[in-house]
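Protein chains: 2
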Amino acid sequence: MTAETVAAYIRDRRADVEAALDSILPAPPDCPPPLADAMRYSLSAGGKRLRPILCLASADAVGGRRADAMPAACAIELIHTFSLVHDDLPAMDNDTMRRGRPTLHVVAGEGMAILAGDGLLTEAFALLAREPHVTDPLVVGRKLRVIEVIASAAGAIGMVGGQAIDLASVAPNGTGTTAIIDGAALQVMHAKKTGALIRAAAVAGATMGGGSTTQIDAIDRAFGDFGLAFQIVDDILDVQGDSADLGKTAGKDAAAGKPTYPAFYGLERSRTMAQECLDRAEATLRAASVADARLLGIGRWMVDRSN
Amino acid sequence: MTAETVAAYIRDRRADVEAALDSILPAPPDCPPPLADAMRYSLSAGGKRLRPILCLASADAVGGRRADAMPAACAIELIHTFSLVHDDLPAMDNDTMRRGRPTLHVVAGEGMAILAGDGLLTEAFALLAREPHVTDPLVVGRKLRVIEVIASAAGAIGMVGGQAIDLASVAPNGTGTTAIIDGAALQVMHAKKTGALIRAAAVAGATMGGGSTTQIDAIDRAFGDFGLAFQIVDDILDVQGDSADLGKTAGKDAAAGKPTYPAFYGLERSRTMAQECLDRAEATLRAASVADARLLGIGRWMVDRSN
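Protein chains in written order, with my numbering: chain Z, 1 to 307; chain W, 1 to 307.
If we strip away everything but chain Z, and leave its shape as in the complex, we get (with noise of 0.2 Å):
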């Protein structure tokens, strides 16, 4: 599979996502108008798409069925959203832009935003736990498996444990002195607050695909990996990079006294283990024989951040 095919099926499974997203926030009168349109605002802020369709190519790449994945892979896309909405929060990073717009915030105030973050949360569950007419035990449990999948990437112990790690390691005013000390503890930060929720996209969507445990467990360690590999050129390029290509401030997180790859390991050793991140990554995903072209293209466009 060329490069050209991996860059035309995500550009495929993107319109799939942005068509499926379009139509699940919940709308008035049911829901009020100033937190629908909140709601909307950040949903539809056009991020890659990256989460929900990792998920469809899992569920593909264990020869199931991308509909019957594509609720958790939209689940995932909503707690996405929810992050950046709270992680943007003056109480937290204090981000004004995000995907070169104003941050909620500071368009519908900070009440609405913690209420809009709140309310993408919730609506993922409501979403995947959706349809319960739905009979087949065999599709019933994988469901139910998925929502325990995707809650504890979610919460205190995955993304949410991850953010609160984050909350109290930046240096303040400027010290230098933060709670992550070394590289092991930076990562674990890192697995939480990133790895976890690309993880539970990636099984979420071989869970749905009906994958045997094997593959799942394969898909599940290549994308921690893969995970990690992201979060490393993420750092790489907040020193190095352009804005555009970040899609949030260069250089702010160095600014803010955060703890990074490059921080820790400078940028000659933090690209080799990127790279060795890659590798491992694919060698799983090999060895448990769900070496799917798209899935590995998908692993690789990821951490490729200059796409």
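Don't take each hint at face value.
No distinction is drawn between identical chains; accordingly, a pair holds when it is met within one copy or between any pair of copies.
Unchecked claim - As a list, the in silico SDA-like pairs of lysine to any residue whose alpha-carbon atoms are at most 25 Å apart:
hint, residue 1, residue 2
1, K258, E110
2, K258, P29
3, K48, S289
4, K258, D30
5, K258, G141
6, K48, T214
7, K48, A291
8, K258, P28
9, K48, L21
10, K48, V140
It is worth saying that the hints were derived from the structure and are not from the lab.
Using the hints, position chain W against chain Z.
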């Protein structure tokens, strides 16, 4: 069944709930210690546990097993606690005291309070989906239905939506203008903000207990009325009660320019409305033959805030 028997039932179920809640939060090392502490601080603040007790009583009322309803009971208390933590934030109600103790953002900081709320909300769904090894398709189907009921009640068309209306309804700077202009709009706000989760607690218990559609519908409608009475009485107490009964600062809502039932209808008419809700709720339960004495007792206890 005497009032004493109902009181004993409530006491026993509260003990069951406290025991169950005590062990369900994620703990270190999986969960970062400051986040674990923050979640526990709020969950252990010692509310009445009204919603989980109602959930268990509802399972009892339809002749089901209380143990089957316990995860839903605990999940709903987690969601209720999340809502209090976020409601108290400076960007929302800006409350500094709750249940006689400083609110979470006062003791842990605003960022950690936002994350603790996010963690409590997410953990609720992890809890609801856990034990995917349950293979009885009937039970698995009920669990999925309960997740959808609870997510819808908690989210943008339910509780979070009600909070968004509330946020927009506060008269700015005591100008006396508010987005809520009549009693009907006030009722919509409360039906979402308070009523939805109370109804979900009752419905979840009856569903996990294996109740019939007729029973579940009646319990749903009855606790819509009980919940409305609960809110009207809350507003009355805000005007005339003392802070100890209410568990929060008396007169705060009125002082903040929030719309209340007494403000729209006067105290006397508000009292009559609360009584009408109680009568209607009891009639609904009787008509569906689910007027279980414990369930009725809990409905009355909810509204009798002097206990």
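Consistency of the hints with the structure:
1. In this assembly of identical chains, K258 and E110 lie within 25 Å of each other by CA distance both inside one copy and across copies; the values are 23 Å within and 19 Å between.
2. For the identical chains of this complex, K258 and P29 are inter-copy neighbours only, at 22 Å across copies versus 43 Å inside a copy, given an alpha-carbon limit of 25 Å.
3. For the identical chains of this complex, K48 and S289 are neighbours neither inside a copy (27 Å) nor across copies (54 Å), given an alpha-carbon limit of 25 Å.
4. For a Cα distance limit of 25 Å, the shortest separation of K258 from D30 across copies, 22 Å, qualifies, whereas the shortest one inside one copy, 41 Å, does not.
5. In the homo-oligomer, the alpha carbons of K258 and G141 never lie at most 25 Å apart, since the shortest distance is 41 Å inside one protomer and 45 Å across protomers.
6. Taking the shortest Cα distances, K48 and T214 never come within 25 Å of each other, neither inside one copy (29 Å) nor across copies (46 Å).
7. Taking CA atoms no more than 25 Å apart as the test, K48 paired with A291 passes inside one copy only; the shortest distance there is 23 Å, against 54 Å between copies.
8. In this assembly of identical chains, K258 and P28 lie within 25 Å of each other by CA distance solely across copies; the values are 23 Å between and 40 Å within a copy.
9. When the C-alpha separation of K48 and L21 is checked against a cutoff of 25 Å, the pair qualifies only within one copy, where the shortest distance is 13 Å, while the shortest distance between copies is 39 Å.
10. Neither within a single protomer nor between protomers do K48 and V140 lie at most 25 Å apart by alpha-carbon distance, with minima of 30 Å and 35 Å respectively.
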